[in-house]
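Please construct the entire structure, taking both the sequences and the accompanying hints into account.
If you read the protein sequences in the order shown, they are chains A and B.
Heads up: the first sequence at position 29 corresponds to 29 in the working numbering, and the numbers run straight through without jumps.
Heads up: the second sequence at position 14 corresponds to 182 in the working numbering, and the numbers run straight through without jumps.
It should be emphasised that the hints constitute simulated quantities derived from the structure, not laboratory data.
Check before you lean on any hint, since a few could be wrong.
Here are the simulated lysine to any residue pairs, SDA-like style, with alpha carbons at most 25 Å apart [unchecked claim]:
(1) Lys-170/B <-> Glu-5/A
(2) Lys-198/B <-> Ala-216/B
(3) Lys-302/B <-> Ala-165/A
Derived Cβ-Cβ restraints for the label pairs, each shown as a range [claimed, not checked]:
(4) Thr-261/B <-> Gly-70/A: 25 to 31 Å
(5) Asp-21/A <-> Ala-306/B: 22 to 28 Å
(6) Arg-237/B <-> Gly-131/A: 45 to 51 Å
(7) Glu-240/B <-> Gln-47/A: 45 to 51 Å
(8) Asp-94/A <-> Arg-237/B: 25 to 31 Å
(9) Ala-226/B <-> Lys-44/A: 48 to 54 Å
(10) Thr-146/A <-> Gly-231/B: 58 to 64 Å
These numbers were taken from a predicted model, which means no experiment stands behind them.
A virtual CB, placed ideally from N, CA and C, is assigned to each residue, including glycine.
Each chain, written out:
2 protein chains.
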Amino acid sequence: MKMSEGVEWALHCCLSLSWVDAGEAVTATKLAAFYDLPAAYLNKQLQALVRAGIVSSAPGPRGGFQLARGLEEITLMDVVSAIEGPRSAFRCTDIRHRGPGGAFIAASETSAGGSRIPCAIAQAMRAAELGWRKHLAAQTIADIKTVIEDRSPNSGDDIRHWLTARSS
Amino acid sequence: MKMSEGVEWALHCCLSLSWVDAGEAVTATKLAAFYDLPAAYLNKQLQALVRAGIVSSAPGPRGGFQLARGLEEITLMDVVSAIEGPRSAFRCTDIRHRGPGGAFIAASETSAGGSRIPCAIAQAMRAAELGWRKHLAAQTIADIKTVIEDRSPNSGDDIRHWLTARSS
Chain A
1 MKMSEGVEWA
11 LHCCLSLSWV
21 DAGEAVTATK
31 LAAFYDLPAA
41 YLNKQLQALV
51 RAGIVSSAPG
61 PRGGFQLARG
71 LEEITLMDVV
81 SAIEGPRSAF
91 RCTDIRHRGP
101 GGAFIAASET
111 SAGGSRIPCA
121 IAQAMRAAEL
131 GWRKHLAAQT
141 IADIKTVIED
151 RSPNSGDDIR
161 HWLTARSS
Chain B
169 MKMSEGVEWA
179 LHCCLSLSWV
189 DAGEAVTATK
199 LAAFYDLPAA
209 YLNKQLQALV
219 RAGIVSSAPG
229 PRGGFQLARG
239 LEEITLMDVV
249 SAIEGPRSAF
259 RCTDIRHRGP
269 GGAFIAASET
279 SAGGSRIPCA
289 IAQAMRAAEL
299 GWRKHLAAQT
309 IADIKTVIED
319 RSPNSGDDIR
329 HWLTARSS
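This is how it looks when you write it as structure tokens:
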């Protein structure tokens with residue numbers, strides 16, 4: 001099981017855009033050059049962030065991408081969902097209801113008055129994954145930015161200058 | 169991001185094998201028939217469980233698979249790792265060190281006395297995933313079995329009879 005590398009790219013792009021002044025847009029080409037990434041594929045990830053309402057895009061010669069909402073309103077979960085989609089990693093295909101096992105469960109469900117007996121495996125797997133999602137949803141890009149600015153006080157200025165320079 | 173369906177299959181197979189008497193082996197063909205799954209592909213998942221020391225396999229006409237250790241010693245994490253491998257879902261490719269951004273970080277690291285500045289994004293993503301793994305590691309197949317036997321008291325007997333019947 002592997003998360004798309006687009007998640008790492010999207011998280012770093014959100015952070016980079018946060019250092020750019022409000023109203024200033026950055027192109028996918030420029031963001032891609034900053035991280036030495038393929039521009040067309042990075043653009044695809046940025047479009048996914050646009051669809052999720054995390055980033056907005058403006059057309060034209062001074063167009064590009066900018067954050068669509070405050071950093072404290074963008075959680076790690078928002079970005080992961082935008083890139084990976086909303087579905088859970090564990091997908092129950094209900095194999096217990098297939099084959100002869102299905103007849104045994106049907107008999108148990110009839111004995112229990114016809115109510116559906118939930119699958120204990122799917123429930124346990126989902127509970128574990130929910131804990132992960134809650135952890136991701138409890139952290140915002142603003143939290144990450146605070147850590148970075150504490151560790152590398154000049155990095156924001158450096159990134160802003162590079163991304164907003166007119167020639168490069 | 170999607171977990172292989174082999175995880176669901178492997179978890180159900182561990183449970184099914186737990187209802188079979190000690191010393192009695194069940195073939196991949198029989199387990200596949202019970203859940204209406206493709207036998208060759210299920211066999212591949214069972215072999216992964218063998219490599220992880222969760223299940224053992226015996227050759228010969230009365231051979232097959234059986235649990236290699238107690239249910240209370242098989243966690244959900246053990247099974248997920250056996251099927252999906254040990255690597256984390258989020259894989260940091262360290263894009264912050266690529267391109268011009270890499271030079272800014274190098275400068276910050278030099279200012280900080282040469283020590284490596286960890287990536288706050290990778291740290292946050294790993295911390296969230298660690299929570300998930302701990303949750304999976306805290307639950308055993310024995311816990312799941314208790315829930316199932318409480319909900320469907322006869323299911324264990326039904327499954328044992330079907331899996332160990334000589335003809336079918």
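Results of checking the hints against the structure:
| no. | hint | result |
| --- | --- | --- |
| 1 | Lys-170/B <-> Glu-5/A | holds, 14 Å |
| 2 | Lys-198/B <-> Ala-216/B | holds, 18 Å |
| 3 | Lys-302/B <-> Ala-165/A | violated, 45 Å |
| 4 | Thr-261/B <-> Gly-70/A: 25 to 31 Å | holds, 28 Å |
| 5 | Asp-21/A <-> Ala-306/B: 22 to 28 Å | violated, 47 Å |
| 6 | Arg-237/B <-> Gly-131/A: 45 to 51 Å | violated, 26 Å |
| 7 | Glu-240/B <-> Gln-47/A: 45 to 51 Å | holds, 48 Å |
| 8 | Asp-94/A <-> Arg-237/B: 25 to 31 Å | holds, 28 Å |
| 9 | Ala-226/B <-> Lys-44/A: 48 to 54 Å | holds, 50 Å |
| 10 | Thr-146/A <-> Gly-231/B: 58 to 64 Å | holds, 59 Å |
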